[in-house]
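Protein chains in written order, with the numbering used here: chain A, -14 to 301; chain B, 37 to 254; chain C, 7 to 588.
To be clear, the hints were calculated from the coordinates, so they are not data collected in a lab.
Check before you lean on any hint, since a few could be wrong.
Derived SDA-like pairs: lysine to any residue, alpha-carbon spacing no greater than 20 Å straight-line [as the list claims (entries may be wrong)]:
(1) Lys183/B to Pro256/C
(2) Lys(-2)/A to Val463/C
(3) Lys65/B to Ile204/B
(4) Lys134/C to Phe107/B
(5) Lys37/A to Leu535/C
(6) Lys33/A to Thr357/C
(7) Lys120/A to Ser332/C
(8) Lys362/C to Phe188/A
(9) Lys37/A to Leu249/C
(10) Lys(-2)/A to Asn154/A
(11) Lys553/C to Val42/A
(12) Lys25/C to Thr516/C
(13) Lys368/C to Val42/A
(14) Lys110/A to Ile477/C
(15) Lys514/C to Leu496/C
(16) Lys514/C to Phe410/C
(17) Lys368/C to Ser38/A
(18) Lys65/B to His203/C
(19) Lys163/B to Gly110/B
(20) Lys362/C to Ala51/A
(21) Lys32/C to Leu535/C
(22) Lys120/A to Phe188/A
(23) Lys444/C to Ala215/A
(24) Lys84/C to Leu177/A
(25) Lys362/C to Ile59/A
(26) Lys134/C to Gly207/B
(27) Lys163/B to Phe107/B
(28) Lys368/C to Tyr32/A
(29) Lys513/C to Leu41/C
(30) Lys298/A to Glu247/A
(31) Lys120/A to Glu189/A
(32) Lys163/B to Leu249/C
(33) Lys110/A to Pro44/A
(34) Lys362/C to Gly109/A
(35) Lys218/B to Gly199/B
(36) Lys301/A to Glu265/A
(37) Lys110/A to Cys223/A
(38) Lys269/A to Lys32/C
(39) Lys362/C to His48/A
No experiment lies behind these values; they were computed from the predicted model shown.
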Amino acid sequence: MNAIRDFLLPPAKSTLAEQHDTLFWFVHGSSLILTIGLIAVLIYFIYKYRRKSEDEVTPLITHNSALEVTWSVIPLILVLIVFGWGYQVFMNQQIVPDDAYEVKVTAQKWIWQFQYENGAQSTGKLHVPADRPVKLIMSSKDVIHSFFVPDYRLKQDVVPGRYTEMWFNAPEPGESIIFCTEYCGDGHSDMLGEVIVHEQDEFENWLAENAGGGSQPEDLAPEEWGEQLAQEWACTTCHSTDGSQMTGPTWQGKFGSEQTFEDGSTVTVDENYLRESILEPNAKIVEGYPAVMNTYQGQLNDDQINAIIEYIKTLK
Amino acid sequence: MADHSSSTTHSRFFQHHFVDADQQFETAKMGMWIFLVTEILMFGGLFAAYIVFRLWYPDLFTQASTQLNTFWGGVNTVVLIGSSLTVAMAIKSAQLNQKKNIAINLGITLALAAVFMVIKYFEWTHKFELGIFPGQFYDFGGIEHEKANVFFSLYYLMTGLHGIHVLIGMGLMGWLLWRSLKNHFDSEYYTPIEITGLYWHLVDIIWIFLFPLFYLIE
Amino acid sequence: MDTAESSSTSKKIQVQRFKPDDNPDKHYLNEETGLWAWLTTVDHKKIGVMFLSAVTFFFFIGGIMALLVRTELWTPAKTFIEANTYNQLFTLHGAIMVFLFLVPAVPAALGNFILPLQLGAKDVAFPKLNLLSFYLYLTGAFVAIFAILNGGIDTGWTFYTPYSSTTGGAVTTMVFGVFIIGFSSILTGVNFITTIHKLRAPGLTWDKLSLFSWSLYATSIIQILATPVLAITLALIGMERILGIGIFDPAMGGDPVLFQHFFWFYSHPAVYIMIVPGFGVVSEVISTFSRKHIFGYWAIALSSLAIAFISFLVWGHHMFVSGQASLASMVFSFLTFLVGIPTGIKMFNWTATLYKGSIDIKSPLLYIFGFFFLFLVGGLTGIVLASIALDVHLHDTYYVVAHFHFVMVGGMVMALLAGVHYWWPKITGRMYNEVMAKIACGIIFVGFNVTFLPQFVMGSQGMPRRYFNYIEQFQPFHQVSTIGSYILGLGFLMVFYYLVKSLFTGKKATANPWGSRALEWQINTRPPLHNFHHIPVIINGPYDYHKPMEEFQLGLAESTGDGHGQQSDIKVTSDGKEINAE
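Next up, chain A with everything else stripped away, as it sits in the complex (with noise of 0.2 Å):
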């Protein structure tokens, strides 16, 4: 039974996982006997009532009511209890406990960003404490994109314009992938992300430590950090620091090269354009590449920058 468990499903790990896992295993059980039953009921009579021979003649039976009123109420009820459970267990995931804990998630092409109470951010891993209800209010800046955690058994949109919710409790410390599962272009698929659920107090400290959004650990060099945040911040989802075409230019050897844009004109790459690309990503298109970019103004504060443009001019 738990090898069948494991075989469809994945690792049950908020408290409402197992809710949807024994609605999941009620459906799925009705409907195979449901199947075998009725497959059963065909395999034998297409054995018994094969032709015989050409000039078989067979009786008139148009209908039987008892038997189709029973065939049409049986389902019907059995719908009911199904699209009630369903209901059931959507509203637990839908309201939120009073003490839930909030972060403030941000999707765009193609990274989801956190931002906590204290200023604390972080991009792709969301940090969260166990045994504790946890809200996201998310929102999104370009198009839509959606937040799924399978082991959480929870998926909800993340709409541009406007706030979604939605809130999970994860009792044990432990790691789980988040999918983007609504599609939103070249890096749909490469837009992953991490819950990270720690201790409480474990949790408290990570949050201490990153109060305030990002500056440099002490203990890196400038381009070590620029290598940090490149992973980060997902940079190179698009861009790729070895060579190879991706959605965006690779970095290898782009310093001091000189670029090509859309309209003609050319410019040799230093730390301003690299400033600029990053804040103003479409005021110069590279030739041969989508306009696709987002801004990382506000995002990115100037240490942050100078530490990505250092790594790349490492790049050579």
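Following the hints, complete the assembly by docking chains B and C onto the known chain A.
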């Protein structure tokens, strides 16, 4: 092949796959009715959008509506209702076998439709001069509402789609007029006039909804 | 030929018996010949054949794209194409299969050919409109292909805003193409409803209407009510891209979720446009090959209408996680469960039809059995997805992809193949290779399950749809699925091969090779240009297998002054014994 000697099948416009002219007439009429249902659903989508946006921005609709000229809108309403009447009279003339009157009434209908479109043209160009363009081209400072473009986007879309229907109607009326001048219609055969008339009434009715929804918002 | 006098309340009619000609000299294919005659024909049979060729062509185009998509998914990262190419491929696979294949396949291809024959009519109500419908379809298809070649589209076939209004490529051209195809669909719907209402042969009352015609009737209702809304929605996307009207753009005061409401208001009923005609084929084939009166005629006929009606009220079940109100989700979930009931009733009725039948498993019936299992799985997983809490987890995963393909390919394509095999002799006058047909059916069935069963597992494990890269955990499932898709492709190629081959070397078909009682089998194989030399008189229903064959070849020669359908009370005396039309 069955021998149809019945008088109802004499018309040269009788099609072989019908049993008689009555059946052909009824069939054509029903087909047009069903087509009109699809037209209503098509406009229905835009009306649904209208309702949604009006519920969201009630102030906008009251403010923006003042930019529309109720007088000319009213004239257009009268013009279209009049054209519905003349189309009905064309059908009546056909039933009474007054072939000359068919053409006269169709001609008046066509003229009224043209009047409608001319007035529409002046209404639109006047707005363009003010900078009231649809969507992102909207460039008009006279309305104190940041979403003012939405009202006019809907206005242009709905009156535009309606206008396209009027133009198609004019094409059909012109074709009917030409056929009536060639003496194609009489009391035995006037199906095209009948079904085009149905279409024309729908175009009229849609305008009767559009007029208060855009021009007469208090 | 013997003659019998008969009388109704108002007039006497003459009924004669006409045996269909097994090998007619003149038929619809040779009475008018030449390319020009084909291109300008208003004959519903030729238009049906042209539609059948066109949808087959687009089925293969869409199928090739599916195979490319599956091949790319062989490895978790890039296998052989770029992400953007992949996105375009799955978009085009979806758009081509839905708009150019699934929607017109049964109604416009088989329906066009068979419906007037089943009604005893010489043609559809508006033959020219029918031809226009075909050309609109072709025009729309060309515009769509033009869009593919000039920039392509990568929005997914659902065109969700604001992605579709902001992405590059030829989205505007594509939606214009689909807009045109929509009108083709509307005209077919208008034509069929009118035809069924007005052109039924004398005596063909509503309770003698074939279930295939009933299903086309229900389909047409959905077509005329839903398609215009799609048309206006697509026009709005075009306007959004050209003029920036902002109806769906939050930056300009619009709402992207409004688009989803509009889109699914069409596209949910649209899946019933695709599957309901398939139900009609199932009823015909099951009754014919079990040589038995259909069980629960009215239940099957009316459940089609019930599905058509309810299908308009369930669109919100595509939007449980879109942020719509919980109350709305509850109502949509409830109504979605209700739409399952009439579908279930059909399944039970079909099973009951087999009871005490005389079942001959010819290839059309074998395809129907394939349909039966696959559609059952597709339908029951639909129940799973209708449950809101489960849908929150499964929405936009491979589970939905698998569900949709079980219903559309497992259900609709199997029913279409059954229909094509069933009516092939009537359409072409040839028999195909029965053994190969059965083998191909088996290959398709196996290939289909190998392709899509693993997708259920992946989906409930959390694999999202429309992913170019995926996490390594899913690779074995993807690989099995890809292998399955090759088997499936092979099966379809085989069907294509033996059907085309039969045109040249197939055995000549007799007029009624299956011993069916339905009206279309009572005329020549390869029907004459105008279908019926003599206006048929309908006394028996299409499923009256308890009555002898001789009672089914009645034609009316004389006195047709009042030849409308809807004469419900004709009494016909034949062979001195009185037969009452019910």
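Looking back at the numbered hints, which does the structure fail to meet, lowest number first?
4, 5, 8, 9, 15, 16, 23, 25, 29, 30, 33, 34, 35, 36, 38
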